[in-house]
Structures are given as structure tokens and as C-alpha cells.
Amino acid sequence: MSPKTWFAGKSYPVTITGTGFTTSANATASCPVTPVAAKVASGSSASLTNVTVVSPTQITFTVEPGASDPTGNAAITVGSSSNGGAVSVRTQILGNQIQWNGKTISTADGSAPPAQDAVVGEQIALTTTTPATTAYDGSPVSQVWTVSGTRIANYAPTTASASVTKLLDADLQKSNVTFYWVYPESPIPVTYQYCVNIKGANPILQCSLPANAAFDLNGVTSPSITFTNEFLVNVYNLDACNGQAGGSYLVYGNVSGPHAPCTGVGKPGLQFFPQGTQPGNGNLFFVQIVNKDRIDEIGGTSNQSCTTSIGVDGQYPYQGQLNPTSVVDAPEWGLSAAYPIVTRNFNASMYLFWQSTATSNSIPIPLGYLPWGFDGSAQLAGGTWSGSGAGAPIGSDGTGGNPFVQTQTLTDIPIWGGPAETECTQN
Amino acid sequence: MNSIKGLRGTGGTMRIIRASLLTLMVFAAISSGFGQTAKPPFTITISADKPTVVAGSHVYIKIKLTNTSDHNVDRSTAYSNGLDRKYIYDVRDEDGKSVEKPGEHHELNGVSLAMGELAPGDSVDGETRITTLYDLTKPGQYTVQLSRYIGNDEKQGVVQSNTITITVLPAEDTSSTQK
Numbered sequence: 000m001s002p003k004t005w006f007a008g009k010s011y012p013v014t015i016t017g018t019g020f021t022t023s024a025n026a027t028a029s030c031p032v033t034p035v036a037a038k039v040a041s042g043s044s045a046s047l048t049n050v051t052v053v054s055p056t057q058i059t060f061t062v063e064p065g066a067s068d069p070t071g072n073a074a075i076t077v078g079s080s081s082n083g084g085a086v087s088v089r090t091q092i093l094g095n096q097i098q099w100n101g102k103t104i105s106t107a108d109g110s111a112p113p114a115q116d117a118v119v120g121e122q123i124a125l126t127t128t129t130p131a132t133t134a135y136d137g138s139p140v141s142q143v144w145t146v147s148g149t150r151i152a153n154y155a156p157t158t159a160s161a162s163v164t165k166l167l168d169a170d171l172q173k174s175n176v177t178f179y180w181v182y183p184e185s186p187i188p189v190t191y192q193y194c195v196n197i198k199g200a201n202p203i204l205q206c207s208l209p210a211n212a213a214f215d216l217n218g219v220t221s222p223s224i225t226f227t228n229e230f231l232v233n234v235y236n237l238d239a240c241n242g243q244a245g246g247s248y249l250v251y252g253n254v255s256g257p258h259a260p261c262t263g264v265g266k267p268g269l270q271f272f273p274q275g276t277q278p279g280n281g282n283l284f285f286v287q288i289v290n291k292d293r294i295d296e297i298g299g300t301s302n303q304s305c306t307t308s309i310g311v312d313g314q315y316p317y318q319g320q321l322n323p324t325s326v327v328d329a330p331e332w333g334l335s336a337a338y339p340i341v342t343r344n345f346n347a348s349m350y351l352f353w354q355s356t357a358t359s360n361s362i363p364i365p366l367g368y369l370p371w372g373f374d375g376s377a378q379l380a381g382g383t384w385s386g387s388g389a390g391a392p393i394g395s396d397g398t399g400g401n402p403f404v405q406t407q408t409l410t411d412i413p414i415w416g417g418p419a420e421t422e423c424t425q426n
Numbered sequence: 000m001n002s003i004k005g006l007r008g009t010g011g012t013m014r015i016i017r018a019s020l021l022t023l024m025v026f027a028a029i030s031s032g033f034g035q036t037a038k039p040p041f042t043i044t045i046s047a048d049k050p051t052v053v054a055g056s057h058v059y060i061k062i063k064l065t066n067t068s069d070h071n072v073d074r075s076t077a078y079s080n081g082l083d084r085k086y087i088y089d090v091r092d093e094d095g096k097s098v099e100k101p102g103e104h105h106e107l108n109g110v111s112l113a114m115g116e117l118a119p120g121d122s123v124d125g126e127t128r129i130t131t132l133y134d135l136t137k138p139g140q141y142t143v144q145l146s147r148y149i150g151n152d153e154k155q156g157v158v159q160s161n162t163i164t165i166t167v168l169p170a171e172d173t174s175s176t177q178k
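Which chain is which? The protein sequence lines are C and E, in order. Mapping to numbering that gives the first Met the number 0: the first sequence position 60 is 59, numbers consecutive. Mapping to numbering that gives the first Met the number 0: the second sequence position 42 is 41, numbers consecutive.
Source of the hints: derived by calculation from the structure; they are not laboratory data. Glycine residues also receive a C-beta, built at the ideal position from the N, C-alpha and C atoms. It is possible that some hints are incorrect.
Output of the computed footprint for chain E on chain C, the stretches with three or more beta carbons under 8 Å from beta carbons of chain E [unchecked claim]:
#	stretch
1	313-320
2	413-420
Okay, derived cross-link-like pairs now, SDA-like style, lysine to any residue, Cα gap no bigger than 20 Å in a straight line [what the hints assert, rightly or not]:
#	chain 1	residue 1	chain 2	residue 2
3	E	K154	C	A244
4	C	K173	C	T128
5	C	K266	E	E116
6	C	K266	E	G115
7	E	K61	C	L321
8	E	K100	C	T424
9	E	K63	C	N282
10	C	K3	C	A85
11	E	K154	C	G256
12	E	K100	C	E420
13	E	K100	C	C305
14	E	K100	C	Q425
15	E	K63	E	T42
16	C	K291	E	E106
17	C	K198	C	V88
18	E	K61	C	A155
19	C	K266	E	N151
20	C	K291	C	T410
21	E	K49	C	A155
22	C	K173	C	V143
23	E	K137	E	G55
24	E	K63	C	N322
25	E	K100	C	E422
Assemble the whole structure, with the sequences as input and the hints as a guide.
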């Protein structure tokens, strides 16, 4: 029989060669035309049409396995027990199904696949049933996934680094694919198709019907960061504590009491509040990226300039907190009489992240960020420091508007090479 | 592992704090009066992000701060270049010598101050980059211990963490380095 391998959902002209077939011309009541029947696995179907006993040595027919048939074996039976005995020829149907979490989620017959519920950052590991190579000519010649939506291969931020591993074309040309969606979208289509060389088929290279799957991807609803702002940058004299001398500091905020490593009191420059409804069990948390921090100190005999590399502020996550009610920041700079004039320009982005805890191997997803900054200056005159300046979320219009920026693309995902690091040079 | 100590007079540690010129505050001052009690109000457990590193790599220490008292405790962070200045550091080489980098560290003059409190029974995970202030570029073994003040009165003492060891390999020997 040729070909002996058929793709599910595709039509093949098949020729069986042998001896002793009974044609219609030779058929009699006691010796009818040689019957041909297909026997396939439960749940599968394979229709035979145009069955023709061409000659005592040849039968032709057209076969079309069901589009959603799984990969499996089938048998073509020629003849019957009342017609001199039956002979079965073993054949193989190559199905094409996408599987997720142990179940088939795809269709290949043109019907809409049932949408699967998932959340942003959830690990999506899709598999297919790659058929054995015994019945056809070798491994798949080609295979390709199409995965819509914004998807990545990985994102595993730490304090030391964060980078996005993109999903490459090579990742989409294997029998299995693992990825993460970043942003909510519904429905998101996924397809898989593969091609193999089938002996006896014309042309020999045959491709499966596309297996179609779909996902409804859920994320945090209405994510945002609200804030309270102390507005002013000023100089504060902080007390000695635990053997440490007190001193003057240029601060975005309003603080008093002792300084590090003691505990003082006061209001930070900004207090950030996470907003949004989580789509399931998970953690909201903050990550702050320092974009720019420049301090210029002018002294009597020398000047000092300090600049800061772009990096994560402190640690990932910010303050190590998961699902905080709020977090705060009060940037400070210690003042020295050696540099009686100081200016500082600071700019940062406070990101809100979410990570599912409902599924294993989930990755954190940035939801958006609040850009903010401040400018401040301090001057020492007559032995007394005075300060001025102000800070606020950048883009805040002062009328209640919130400049929170929702992340939307791959390039919106924050990356860093370590903590923000300040370096100073004397000039 | 965690114990309360009076203020340690290690010159290196004190110099670090003096040099930093940092300030940190919380919204509500932590209540005083712990004194030299036997049971600390919190515990500090540290671990190495990578116990073995190649010379020249940054070394990150993970910190778990747990409130073991019946009241809120300070969990503020005060970062300068990845180093949480809320902690006192004791980093020594195989000879027991402090490996604090010399100098005034003007670059650490600024701090990102994030105030906060930890409720009874709660824990928070922190992380600090000790190579910001300590020189771990020579191959060998280094011991690391962190401490944190209980309150604003130094007589209340500090709570010490466990001590861990960091192994630094020569730059060309990466065979057993944990990546």
C-alpha cells in the first residue's frame, strides 16, 4: 500500500497492490467485489471514498483521516472472511495536536479552539505528540509555532541583574515551546505545524494541518501607583546617635531625629501606593530604577562631581517587600563644610510588578512605572546651611493627574546591571 | 546565631558608619527600653547569594530580618551603591583582618532612605552588596557577619547575625564557581 502514512485532515490517493482481487467485472454472487475497510483507533475516523478494484492486482481509493485525529495506527482490511479471507495492512495517521498541562487544547478542523485561561508571567509549556519515525522518512523536515501576543523566553530579575531573554525563531522551530506572555490579551492564537517526507506520497514532502489553540490571558486590572508628595527639598540637621556625629543633610522630604544607623522620624519625599486587582493569587511589589543622579559640590579649593549609573535602587524587590501597603523614598545627601554649595538633580522610575503564585515557575511582570524626580540645592553661609528645591512625579500636573505609565511593549520591561552606583570625581 | 551585643568598638565598623554620614528615619520611632534583654526583638539570618565567587565579582548577601517580639520593629533600609547602611558589617579575611576599603567613600554620601516597620512574627528579605565597601578581590576565604542596632540608644546594643564564609577563587579558576 502506498502511501502508508497519512496526515490527519488531508486527503490521499492510495494504491494497494496484491493478487486475487475481484473486480466488478469479475464479481459474482458468491464472489463479490473485494471490499476495503479502514479500522482506526477509538475517537478517530478515516473515510474511504472512490474505492475501485482496478484489476486483480490493484485497488485504489481515497482516504481522509479526521482533521483532529491524534497520531496513531490504523489498519486497512482488504477482503472478507466470506471472500477467501481478509488481509490487513498496517498504516499510520500523523495527527497534530497542541497539548498543555497534559491535555489537548487544539483543533485542526477549522473549528474555534476552546480558549485556555492563563495569567501574565505564567509559564506556558506547550508540547506536541511528535510521531515515531518508523512509518515515514525520518524526522520532521520543518516545524513552526506561531505565538501571538507579547511573549518572551525568560525574565528572571535579581538585584545584581535583569535582562529579557527573547523568544527566538529557533525556539519556535522545535516540537515543544516554553514561553511567558507579558501583557493581557484575549484571545491569543497559537498554531503549530510540521512537515515530513512521506514515502509514496506525491509530493513526498507533506505538511500537517495547523493545530490551532487559543488563550485568554489575564493580568492585573487597572494597575497604577498612587502617591503622596512632601514636595520640598530642604536641609535638615540630624542628631548624633549611637556614637555617630550629627550633621546636615540635603533631603527630599521632611525629617528629623538621629541618622543612620539609628531610627528617626519624618516624612519621605514620596510615598507610593500599589493599585490594581490581581487576577489570582500573586504578589504586587515595587522595583525602583535610578535613571539619573548628579550632585555637584563647589568648594573653596576644589569641586566635586558625583554621577550615578542607571541601576536598581537598593535591592530587588524594593525594600524586599511583597504586597506592601506602600513604600517610601527620602533621598539624602550628607553636606560638608568643605563644599559650601551643593546642587542635586535626581530622576527615578518606581515600577510596579506582579508575579503569580498560583502556578509554578511564573516570572515577574512589570505593570508600569511612576517617573519622578527632584532638584535641590544647599548653601552654607555664616555657618548655617539653607536649602531649596522641590520634587514630584514627572508629568504630574498638580491637579490630581497621575503620570503612571503602563508598560506595553518588550522594550518597556526594565533591565539593569546591578544597583545604581554613584561615583565622584574631584576637579 | 542571633544574639544581643553591646556596641562593638571595632574600629573598622565604626569608621564605616562615620564615613557614611547617613541618615535614616521611620514614621514612628521604635519604642525604647529593651535594655540588655536575653531575647532579641528580632533575628537576622544571612546567606550568600553565591558562596563561591571569582575574584573581582560583586558579592551579594541575602538577609532575612524576622520580628520575634510582640511589637513592631524597624525594618528601614538605607542603600548606598547597593550596600544597606542600616546594618553594621564585619567582613574579615582568613587572618581575621577587616577588609574594609580605605578612604572616605565620598560616593557613599548619599542614601536612598526607605522607612518602614515589621509587624510581630513577620519577616522581610533583604539583600546587600558588601563589595561596595569591602575588598574581596584577593582569592581566599572571608567571613561575614552583620549586626543591626536595636534602638537609638546604643546601650540597647545590637543583634548579630550568623556568620558565613565566602570563598573567592582566582579569576582564572572558575571550575567550581557557582554560577
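Now for the hints, and whether the structure bears them out:
1. Coverage of the stretch 313-320 of chain C by chain E holds [criterion: at least 3 residues with CB-CB distance below 8 Å; count 7].
2. Under a criterion of three residues with beta carbons nearer than 8 Å to beta carbons of chain E, the stated coverage of the stretch 413-420 of chain C is upheld, 4 such residues being counted.
3. For the hint pairing K154(E) with A244(C), the CA-to-CA distance comes to about 16 Å; that is within 20 Å, so the pair holds.
4. Of the supplied pair hints, the one linking K173(C) and T128(C) holds, its CA atoms being roughly 12 Å apart against a limit of 20 Å.
5. Taking the CA atoms of K266(C) and E116(E), the gap is about 14 Å. The hint holds against a cut of 20 Å.
6. Between K266(C) and G115(E) the CA atoms are separated by roughly 11 Å; this keeps the pair inside 20 Å, and the hint holds.
7. Of the supplied pair hints, the one linking K61(E) and L321(C) holds, its CA atoms being roughly 16 Å apart against a limit of 20 Å.
8. A hinted pair counts as satisfied when its Cα atoms are at most 20 Å apart, and K100(E) with T424(C) qualifies at roughly 17 Å.
9. Of the pairs offered as hints, the one joining K63(E) and N282(C) holds, with about 18 Å between alpha carbons and a cut-off of 20 Å not exceeded.
10. For the hint pairing K3(C) with A85(C), the CA-to-CA distance comes to about 18 Å; that is within 20 Å, so the pair holds.
11. For the hint pairing K154(E) with G256(C), the CA-to-CA distance comes to about 18 Å; that is within 20 Å, so the pair holds.
12. For the hint pairing K100(E) with E420(C), the CA-to-CA distance comes to about 16 Å; that is within 20 Å, so the pair holds.
13. Restraint check for K100(E) and C305(C): the C-alpha separation of about 19 Å stays at or below 20 Å, so the hint holds.
14. Of the pairs offered as hints, the one joining K100(E) and Q425(C) holds, with about 19 Å between alpha carbons and a cut-off of 20 Å not exceeded.
15. With a C-alpha separation of about 8 Å, the suggested pairing of K63(E) with T42(E) holds against the 20 Å cut-off.
16. For the given pair, K291(C) sits about 15 Å from E106(E) by alpha-carbon distance, which is consistent with the 20 Å threshold.
17. Between the alpha carbons of K198(C) and V88(C) the distance comes to roughly 15 Å, so the proposed pair stays at or under 20 Å and holds.
18. Proposed proximity of K61(E) and A155(C) is supported: the alpha carbons are some 17 Å apart, at most 20 Å.
19. As the CA atoms of K266(C) and N151(E) are separated by approximately 18 Å, the hinted pair is consistent with the 20 Å bound.
20. For the hint linking K291(C) to T410(C), the alpha-carbon distance of about 19 Å falls within 20 Å, and the restraint holds.
21. Distance restraint check for K49(E) and A155(C): the Cα-Cα separation of roughly 16 Å lies within the 20 Å cut-off, and the hinted pair is therefore satisfied.
22. Between K173(C) and V143(C) the CA atoms are separated by roughly 7 Å; this keeps the pair inside 20 Å, and the hint holds.
23. Straight-line distance between C-alpha atoms of K137(E) and G55(E) comes to about 8 Å, which keeps the hinted pair within the 20 Å bound.
24. For the hint pairing K63(E) with N322(C), the CA-to-CA distance comes to about 17 Å; that is within 20 Å, so the pair holds.
25. The suggested pairing of K100(E) with E422(C) holds, with an alpha-carbon distance near 15 Å, which does not exceed 20 Å.
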